[in-house]
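Enquirer: Spelled out, the chains give:
2 protein chains.
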Amino acid sequence: MTVYNHVALIGLGLIAGSISLALRRNGQPVKITGTARSAQTRQTALDIGLVDAVFDTAAEAVKGADLVILAVPIGAMAGIAADIAPHLKTGATVTDVGSVKSAVIDAVGPHMPKNVHFIPGHPMAGTEKSGPESGFAHLFDNRWCLLTPPKDTDKNALAKLSEFWQGLGAMVEIMDAKHHDLVAVVISHAPHLIAYTMVGVADDMSRVTEQEVVNYSAAGFRDFTRIAASDPTMWRDVFLHNKDATLEVLGRFTEELFALQRAIRTGDGDFLFDYFTRTRDVRRSIIDAGQDTDAVDFGRVAAAETDKK
Amino acid sequence: MTVYNHVALIGLGLIAGSISLALRRNGQPVKITGTARSAQTRQTALDIGLVDAVFDTAAEAVKGADLVILAVPIGAMAGIAADIAPHLKTGATVTDVGSVKSAVIDAVGPHMPKNVHFIPGHPMAGTEKSGPESGFAHLFDNRWCLLTPPKDTDKNALAKLSEFWQGLGAMVEIMDAKHHDLVAVVISHAPHLIAYTMVGVADDMSRVTEQEVVNYSAAGFRDFTRIAASDPTMWRDVFLHNKDATLEVLGRFTEELFALQRAIRTGDGDFLFDYFTRTRDVRRSIIDAGQDTDAVDFGRVAAAETDKK
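Chains as they are written, first to last, in this note's numbering: chain D, 2 to 310; chain E, 2 to 310.
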């Protein structure tokens, strides 16, 4: 069943592209309009069929839309919210896919007219790629989309948005925005910052050549470089807009790292062994929950075989 | 061409198992004997054909072998070296696959008789799995094996060992042991310790439930859990035996993390953006060097498709 007849995508990158492809996969009739900051992105999105029509401005793109999805870096959201506000259809739902929710509520909420439903969201899926051509239809399959509706959100509007995400393949969970922002740091923001840091250190060690780093990366480092290849603008905005939760988790991380560092310095093998054993169990739970594959070789065996074909 | 007629595997885990399978893949006649500490591992290795004969002790397993490969945690190497020393064939080569080289040279070197060649080595490949059944024939294909021969190593013996690793699919590089130990921290040991730490923090945050961590892990965290699922005994020994280089790189890491943390606290978006842009280039080099795939969705698309079949 078509949940919304007309969807407007503001921003046409990995997430918006994947939403479009997942919508098309369902074969339901839905009109998709969109816009992006760069003329080249707009043209590409039109050429590869992500949108039925593309517009130079967000104000034009949202006209008549039943669902408006803000899929731009968090720092750009307030400006766009102000631009589109006068052009939103009565009864439309406005949502977003930003990685931080309190900041989006602060940036977008004040601009929203009373006759539209504003329900922030965050699909917990992505890759290190960006741009309209990086999307794929099954990105959200079996992944979670977290919705953080403000108090007094219309129940029907919330039910419709949940149904929309389920139609894209996702599972939906309702969550408090502040709690979301802490959870997101633990499972996404802190791992990204740490990966960026480690890759920066490797790039910077004058006694280890770049060629050595590159050649021998299969021993663990390459997974960090994959994470650290994510979109710089998006991630800059994430950290600037989720400051408190990020600094809290980094504080915990440093404390923990110092404890392990101390165990290494003092030769406390039991401490290290116990720590490394405990973390194995977390991995098991993630595989059991279907959130990663158990394939050996870091999931690269199957990928490599496919490459050969 | 068969490089060694008889290979003895001391320890029968992921690396030894993969060596055996890669040797068998070549179809050359080679006798493989082996031993492992646990009776169950010995039996499994025999049952799945990793070895032609299995022995209760390393002393028996090395008898008549042209090449002896120590594939046990670093902490176990000195004891094994002492045990096998009187039973080594004249002219045999003894090597290892440990992740640290100076410590192995200190532990094994003094026990080696004058009539054998001792050439430490480290194949830069692996997965988070362990045990005899986790090996696979193409683990070393297109990966690097670093050899750290002591001064005065016999040139022919070194050439033969290089040829052996090339026969398993690897590329060989000769390196100074101390330099190896620093490179290994940057591209392997530090990323592992950091991943263990982050998974430990997530497991420990009382305000974030384990179910939340597991469900939403696709947003970055799951790559950390994969690394942090590696063998605890092996990694305990790595850190205990590569203390100085590990502490040096962790010091650099913390300094860098604090710089990023400060940029977040002060809202320095340009610093963050520039940092995140620089790390993207390292990723590109690794893909160009064939040390990872460029497949989207963290290499999990192909794996997931395979799972469905």
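Simulated from the structure, these hints should not be mistaken for lab results. Where a beta carbon is used, it is the ideal one built from N, C-alpha and C, also for glycine. Treat each hint with caution, since some may be false.
Said to hold, decoys possible - Below are the SDA-like pairs computed for lysine to any residue, each with C-alpha atoms no more than 25 Å apart in a straight line:
#1 E/Lys130 / D/Arg279
#2 E/Lys244 / D/Thr278
#3 D/Lys130 / E/Asp282
#4 D/Lys179 / E/Gly270
#5 E/Lys179 / D/Ala264
#6 D/Lys130 / E/Arg279
#7 E/Lys130 / D/Gly270
#8 E/Lys130 / D/Phe272
#9 D/Lys179 / E/Ser207
#10 E/Lys130 / D/Ser286
#11 D/Lys64 / D/Asn27
#12 E/Lys244 / D/Ala264
#13 D/Lys179 / E/Thr267
#14 D/Lys244 / E/Glu211
#15 D/Lys130 / E/Asp289
#16 D/Lys152 / E/Arg208
#17 E/Lys244 / D/Phe274
#18 D/Lys244 / E/Lys244
#19 D/Lys179 / E/Ala264
#20 D/Lys244 / E/Asp275
#21 D/Lys130 / D/Gly291
#22 E/Lys244 / D/Arg279
#23 E/Lys179 / D/Lys152
#24 D/Lys244 / E/Arg266
#25 E/Lys115 / E/Gly170
#26 D/Lys244 / E/Phe274
#27 E/Lys244 / D/Ser207
Said to hold, decoys possible - Residues from chain E that face chain D, not an exhaustive set, calculated with beta carbons under 8 Å:
#28 Val31
#29 Gln262
#30 Ile287
As the list claims (entries may be wrong) - Chain E regions said to be covered by chain D (calculated; three or more residues, Cβ under 8 Å):
#31 82-93
#32 103-113
#33 179-186
#34 197-211
#35 273-280
Enquirer: Please go over all the hints and tell whether each is borne out by the structure.
Expert: We went through each hint and held it up to the structure:
1. The suggested pairing of E/Lys130 with D/Arg279 holds, with an alpha-carbon distance near 15 Å, which does not exceed 25 Å.
2. About 20 Å separates the Cα atoms of E/Lys244 and D/Thr278, which keeps this hinted pair within 25 Å; it holds.
3. Simply put, D/Lys130 and E/Asp282 have alpha-carbon atoms about 13 Å apart, close enough for the 25 Å limit, and the pair holds.
4. A threshold of 25 Å between alpha carbons decides the hint, and for D/Lys179 with E/Gly270 the separation of about 22 Å falls inside it, so the pair holds.
5. For the hint pairing E/Lys179 with D/Ala264, the CA-to-CA distance comes to about 22 Å; that is within 25 Å, so the pair holds.
6. For the given pair, D/Lys130 sits about 15 Å from E/Arg279 by alpha-carbon distance, which is consistent with the 25 Å threshold.
7. Between E/Lys130 and D/Gly270 the CA atoms are separated by roughly 21 Å; this keeps the pair inside 25 Å, and the hint holds.
8. Taking the CA atoms of E/Lys130 and D/Phe272, the gap is near 21 Å; set against the 25 Å cutoff, the hint holds.
9. Straight-line distance between C-alpha atoms of D/Lys179 and E/Ser207 comes to about 15 Å, which keeps the hinted pair within the 25 Å bound.
10. A threshold of 25 Å between alpha carbons decides the hint, and for E/Lys130 with D/Ser286 the separation of about 15 Å falls inside it, so the pair holds.
11. The suggested pairing of D/Lys64 with D/Asn27 holds, with an alpha-carbon distance near 24 Å, which does not exceed 25 Å.
12. Pair hint E/Lys244 plus D/Ala264 holds up; C-alpha atoms about 10 Å apart against a cutoff of 25 Å.
13. Restraint check for D/Lys179 and E/Thr267: satisfied, since their Cα atoms lie roughly 21 Å apart, inside the 25 Å limit.
14. A threshold of 25 Å between alpha carbons decides the hint, and for D/Lys244 with E/Glu211 the separation of about 23 Å falls inside it, so the pair holds.
15. The hinted pair formed by D/Lys130 and E/Asp289 meets the criterion: a straight-line CA distance of about 16 Å does not exceed 25 Å.
16. Taking the CA atoms of D/Lys152 and E/Arg208, the gap is near 22 Å; set against the 25 Å cutoff, the hint holds.
17. Proposed proximity of E/Lys244 and D/Phe274 is supported: the alpha carbons are some 15 Å apart, at most 25 Å.
18. With a C-alpha separation of about 34 Å, the suggested pairing of D/Lys244 with E/Lys244 is violated against the 25 Å cut-off.
19. Simply put, D/Lys179 and E/Ala264 have alpha-carbon atoms about 22 Å apart, close enough for the 25 Å limit, and the pair holds.
20. Of the supplied pair hints, the one linking D/Lys244 and E/Asp275 holds, its CA atoms being roughly 18 Å apart against a limit of 25 Å.
21. Using a Cα cut-off of 25 Å, the hinted pair D/Lys130 and D/Gly291 holds, with the two alpha carbons roughly 22 Å apart.
22. For the given pair, E/Lys244 sits about 22 Å from D/Arg279 by alpha-carbon distance, which is consistent with the 25 Å threshold.
23. With a C-alpha separation of about 61 Å, the suggested pair E/Lys179 and D/Lys152 falls outside the 25 Å cut-off, and the hint is violated.
24. Among the hinted pairs, D/Lys244 with E/Arg266 is consistent with the structure: their alpha-carbon atoms are about 7 Å apart, no more than 25 Å.
25. Simply put, E/Lys115 and E/Gly170 have alpha-carbon atoms about 30 Å apart, too far for the 25 Å limit, and the pair is violated.
26. Straight-line distance between C-alpha atoms of D/Lys244 and E/Phe274 comes to about 15 Å, which keeps the hinted pair within the 25 Å bound.
27. Proposed proximity of E/Lys244 and D/Ser207 is supported: the alpha carbons are some 20 Å apart, at most 25 Å.
28. The beta carbon of E/Val31 is not positioned within 8 Å of any beta carbon in chain D (closest approach about 24 Å), and the interface hint is therefore violated.
29. The interface hint given for E/Gln262 holds, since its Cβ lies 5 Å from the closest Cβ of chain D, which is under the 8 Å cut-off.
30. Using the Cβ-Cβ criterion of 8 Å, the hint placing E/Ile287 at the interface with chain D is satisfied: the shortest such distance is roughly 5 Å.
31. Counting residues of the region 82-93 of chain E whose C-beta lies closer than 8 Å to any C-beta of chain D gives 0; at least three are required, and the coverage claim is violated.
32. Evaluation of the coverage hint for the region 103-113 of chain E: breached, as 0 residues show C-beta separations to chain D shorter than 8 Å, against a requirement of three.
33. Counting residues of the region 179-186 of chain E whose C-beta lies closer than 8 Å to any C-beta of chain D gives 4; at least three are required, and the coverage claim holds.
34. With 13 residues carrying a beta carbon less than 8 Å from a beta carbon of chain D, the region 197-211 of chain E meets the three-residue requirement, and the given coverage holds.
35. Counting residues of the region 273-280 of chain E whose C-beta sits closer than 8 Å to any C-beta of chain D gives 7, which meets the bar of three, so the coverage hint holds.
This entry does not satisfy hints 18, 23, 25, 28, 31, 32, going by the numbered hints stated previously.
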